[in-house]
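Q: Single-letter residue listing:
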Amino acid sequence: MLTFTIRRLVLAVPTLLFISLVIFLLLELAPGDPMAQVPLTVPPDVKEKMREALGLGQPGYIRFWKWLVQFFWIEPQVLIDAIFGSSFSEGDLRVISWQTRSPVMDIVVQRIPQTLWVVGTAYIVGILIALPIGIYSAYKQYSWFDQAGTFVSMIGFSVPPFFSGVLVIVIFSVNLGWFPSIYDTTHKVVDWDSFVYQLQQMIMPVTVLALQITAQISRFMRASMLDNLNQDYVRTARAKGLGETTVVMVHVLRNSMIPVVTVIALGVPAIFGGAIITEQVFKVNGIGQLLIGAIQANDLPMVQTLTFIFAVLIVLFNLIADVLYGLLDPRIRYD
Amino acid sequence: MTDKDRLVPDEGLAPASTALPGGAGPLEEFTKPPSSQWREVWDQFKNHKGALYGGILFLVIVLWVYLGPFLWTIDATHIDIRARNQGPSLTHPFGTDQLGRDTFARMMAGGKTSVSVGITAMLLALGLGSFVGVMAGYFRRLDGLLMRLTDLFLALPLLPLLLVMMLLFRDPLNAAFGPERGIFILIVAAIGVTSWMPTARIVRGDVLAIKEREFILAARSIGTTNAKMILRHILPNVLSPIMVSATLGIATAIITESALSFLGLGFPPDFPTWGRLLFDATDYLQQYPERVLWPGLAISLTVLSVNYLGDGLRDALDPRIRGR
Amino acid sequence: MKMKALLLGAIASAALAPAAMAERGSDGNVNVIYWQAPSILNPFLSGGTKDVEASSLVIEPLARYNEQGDLVPWLVVEVPTVENGGVSADLTSITWKITPGLTWSDGSPLTSADVKFTADYCMDPEGGCAQVTKFEGVTSIETPDDLTVKVTFEKPTPFPYGPFVGGESPIIQKAQFENCMGTKAPECTEQNFNPIGTGAYVVDEFRPNDVITLKANPNYRDPAKPAFATMTLKGGGDATAAGRAVMETGEFDYAWNLQLAPDVIARMEQGGKGVAVAGFGPLMERIMLNNTNPDPALGPDERSVIRPHPFLSDPAVYKAMSMAIDRPLLVEIGYGKAGKVTCNWVPAPAIYAADIEGCEVQDIEGAKAMLEAAGYTDSNGDGVRETPDGKPMKILYQTSTNAVRQDFQALIKQWWSEIGIESELRNVNSSVFFGGDPGSPDTFQKFYADVEMYANTFNGTDPQSYFGNGLCDKAPRPASQWQGENISRFCDEDYDALHFKLTQTADAAARAEIGRQLNKMVFEKGGMIPLVHRGRLSAHSNSLGGVVLNVWDTELWNAADWYRKDGA
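Chains as they are written, first to last, in my numbering: chain A, 1 to 335; chain B, 336 to 659; chain C, 660 to 1227.
Calculated from the structure, these hints are not laboratory results.
As the structure is a prediction and not an experimental result, all values here were calculated from the model.
Just so you have them, the derived chain B footprint on chain C, three or more residues with Cβ under 8 Å:
| id | segment |
| --- | --- |
| 1 | 917–924 |
| 2 | 1062–1069 |
Using 35 Å as the maximum straight-line C-alpha spacing, the simulated DSBU-like pairs for lysine-lysine come out as follows:
| id | chain 1 | residue 1 | chain 2 | residue 2 |
| --- | --- | --- | --- | --- |
| 3 | C | K1050 | B | K447 |
| 4 | C | K978 | C | K1184 |
| 5 | B | K447 | C | K1053 |
| 6 | A | K140 | B | K384 |
| 7 | A | K49 | C | K775 |
Cβ coordinates follow ideal geometry from the N, Cα and C atoms, glycine included.
Chain A on its own, in the form it takes in the complex:
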C-alpha cells in the first residue's frame, strides 16, 4: 500500500501539469474579455491599452510559462517568507488577479475562513445526519422511517438552492426576523455573544447546504447497505451468534462504505470549491463566489489558479479514497 501511495503521488505531478495545461487552453479558447465589465463609455482603444497592461498581448505559451513559474516557484517562496519571515520572494511578480490587481493567493487566503465555516460545517453536519439515516433506512427497509427519509431527502435534492435559500430568507429573515439575511464576513468570534451571532448567521446557509449533502449521501449509504444486508456473510455472522449491532454496525457497515467513501472524498474538494449558488444567495463571499466572479469577469489568472487548486485537492482526495478502499476491504490490491 505504501509503495502504491508513493507511486501515485509521483504520478500525480505529470497528471497535474497536464491538467493545468488543459485548463489553460480551455480558458484561452473560451470567448470573453476581461474588459467586458468596463462600461461602454470607455472607448475600445483604451480597453485595448488596458488589455496590454494586463499582459494579454503576449503569446499564450509565454503566459502559461509565466503562470507556472509564478505558481510553482514564486508562491511557495512567499509562503516560506510568510512563515519564517525570510525574504526570498522580494521583487518577484506573483500571480496577479486582473480584477483586483493584487496577488491571487492573498485573496484565496482571505476567503478560506468563511468557506470553511459555512461549507465545511454543512458538510460535517450533512454527513453526521446522513450516515445514521442511511443505515437505519436500509435496516428497516420500507418502514415509515425509510419512507419519510426517502421523501424528505428526494425533495431536498430536487429543490435547487437558488430557491430554497430565498425561501428560508423570506421566512426567517423577512417575516420572523430571527436571522440576518446577509452574512458578515468581517465578524470575529471573540466571546459568547459574538459566537451566538456567528451561529445565527451560519444557520441558514448551513441548513440549505446540509440538506443537499444529506440527501445525496444517505441515498448512497442506504443502497449500499441494502446490497450487503442480504449477503451470505451476514447470514454467517448471525448464524455464529454475533449480536445484531455487531453484525450491522461492524460487518455490514464496513463493507458498505466503499461507494460512500467515494462520494464523501469527492465532496471534500468541493468544500474548498465553495458552494457557488448558496454563497451567492447568502452573500457568504467565499471561494465559490470568488470563482464565479472571476469567471464572469474573465479574470484568467484567478480562474486558472483556483481551478488548479481544486485539481490538486481532487487528485489528493481520490488518492485518499483509494487508500481507504484498501483499508476497508483488504482484498482490494493495487499492485
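Fit chains B and C to the supplied structure of chain A, relying on the hints for placement.
A: Relative to chain A, chains B and C alone:
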C-alpha cells in the same frame, strides 16, 4: 404465491410428500415451461408498491408533458398582456405570468424540455460513468489512465467549458439540426460530459471490491470471458449505486439546466423549462407563491417517481431479494 | 497646519451651529450594499462603475456634477469659466484654483503637484489607464504655485471639463503613488486598495470583491462631517437580495442600482423599512438596427460589413417595426418608476431631446398598412411577409442575458409577428456580449444578427463624443479588430456634416439645437429604435438622511452629508 416458491426445494426440511409432485393441479404447473428471468423481474416489480406507483406517476408526468399540449392548445409563448399576473382560474388553471402567458401551457412545454434533458443527460452520464468505472475497476491496466482522465474532468471548470462548447459547436449544430434541436443536443452533451465522473468513481470502487470475491474466481475458473464476466457478474452487482446515481442524476440534470439558462448558456429565453420557470418565479415568491409551487412540485414529483422506480427496479433485478 | 485646520473648523462649526448639526462620528455605523462587489479602489485601473463609486468615498475630483447635472466646485474655489477668466478666451486652457487649507487624510496638504501627478499617472502610455479619454487633447499641465493648476489643450476645447472632473477622474496623492507609474501600476496592491484621499472616509480594511470597512476621515475639511463614525460597504449577491436587505429586513441602509421588476420593488417597499429612489441620466435602452448584411452565408469578414441589409434599411420597415412597439407598456413592465418613454438617442440633458411624434402610441394597423404600401406582402400565406424580391422577413434578435431584456424580447417578438415579421430570439452571456473578444461571434460589436438590444450612456453632460458614435468611420469592421462605437453601422453624409458642425460650435444654445437635430436624424434615418429612457433606481432605509441620488456623478458623491434620522 408465485410458481417459483413451489419449485424451491425446502432444503429437505419439509416432508417428502409435499415436495414431490402429487395431484393433477401441481403437476400442471410443474410441467409449465420455466418462466423467464425477465418475467420474474416483472412479477417482482409489480409487487413492489413504491415502484408501481412511482412508475405510474412517472408515466403520467411523461404523458402530460408530451401529449398535454395536444389537448391544452394555448401556445406557451402566446402573450396576452392584459391578462398578466393572474391567479388560477378556469381559463388559466395555473394562472399567468408577468407577461400574461399561460402557466399551465408553459409548465407542459417546460416539462417536455426538462424531462427530455433530464433523462437523456442522465442516461449519457450513466452510460459514460458506468463504462469508465467498470473498465477502470476491472482492467487493472486501464485503471490509472481512466482515473486520471476522471480527475481531469472533475477539475475542469464547468462554465468556461460550456462557453467553449457553445463557441465551437453551436453554429454547426444549429445548421444541422435547427436551433432548438441543436441547442438541446449541446446542453445534453454538456451536462452529460460534466457529470459522469462521480458515477465512474463509485462504480470503480465497487468493482474493485467485487472482483476479489469468490464467485468471480469461480466464474473465471470455468473459463468465463471478460465480456460475459462484466455483463453477467459485475454489472448486476454494482447496480444499486448506478440506480442511485440515476435518480440523483435526473434531478441534477434538471437543476443544472436551470442554472445554465440563468447564466445565459441554456435554451433561448422564449423556451421555457421547469428550472427556468422556478428561477424566474423566485423573485415573485412573496407576491405570487403559487408560481414557484408548480415548477417546484413538478421537479420534485419527477425526481421522487424516478427514485421509487429505481428502488423497485433494483429490488426486482437483485436475485437475492427477488421472491421474498 | 493643525492650527489652520482648527481655525477652519471653528469657522465652519460656528456657521453651522444654528442648524444643530451632529458632530463627526456621532451617528455610529452606516451599512451600504452593492450587489456588484468592488474589486479595487483605484478608478484609473478599473473602469467598472462599482469600483469608481466605492473609491469616490475616499478620493475626490476638483469639481463634480450635482444631481441636476450642473458642475459644482469640490476641491476648488470655483468652477473656471470664460466669464470668470478661468478658461482662456481661445478655449485652449483652463486654470483651477485649489481651495486653501485642504489636507489628505494623512494630514499632509493637497497641492497642485498632486493634481499634476494624477494626470501624469493616467497619461502614462504603459499604465493602461481606464480614464485616459478624460485627458484627451491635454498637452501640458503647469503648476505656477501650490494651489494653481493650468491645463493646456492642443486645440480649442469648448468643453474643457474632462480632466479632474467627476468620479472617474479623482485626484490621487503623489507621495503615495509616486512609485506606481506605468508598468508598476498593477503591482501597487497596497496603494490600490488603500488610497489616501481627501474624502469623508478612510479605508480601514479592503477585502476585494467582498467588503470594505471605512472610518471617518479625521482630517476631513468639514469638522462636523461625516456624521457616521464608520461605514461598511458590502458587495456581492444579487439586486433582489440587496433590495430586500434595505427595504424589508432593514439590515442595510443603502442599496445601489436595483434593476428589478417594478412589482418586485413595490412589494419590497411594503416592507416599510426603506424607500426606492430614481434618477435619470442619459441611459437609454434601444434596439439597434443592422445597416449591413449579417447573412451567415457571407464570410466572417464580409458578414455585417457589406451594405445594405436586405430589407432593414427601408424606412417603411424600420418605421413599421417602431410603430408596432407599445413603449408605455414596456416601461410599465420592465422599469416602473425607473423608466420613461423616449424616442431620443440622447434623452438627457433635456435640452438635447428632440420632440419626436408617435412615440407613445402603438399602431399595429398603421404599421401593417405601411409595410403593405411599400410592397412587403405575405404572398405565400405563411403569416410572414416577403420583401418585394421574395425574401421572407425573418430576423435574428439578440441581446444580453437579463430577465427584463428577455421579457422585452418576448413582447416585441409577438408585436412584430403581428405585423408579419418573424424573429428568432437569442440571448448571450453579458460577459461575452459586451466583451470585445474579436474571436467570439457573439459580441455586440460584431453584430452577427439583424437587430440587437442593449443600453448605453455617456459620462458627464456633454453628448458631443457620444453623438460621434453615429459617424460612418466608427463602424466596427475586421480591419479595426471589430472595435468601433457605431454598432448599427449607421452611415449618413448629412449626419457626419452636422456632427462636424457640433464640434466647431461653442455656444450652448446652438449646440443644443444641433443635438436635437442629430437625435431626430438617427431616429428618422434608421439608426436605432429607441425604447426606454432608463433611470437609476436605488433604495435607502427610512432612517438614513441626506441621500441625494445623483446619476451624473457617483451615487456616493455626498456620502459626507449622510446622517441618521432621529427617532427612526
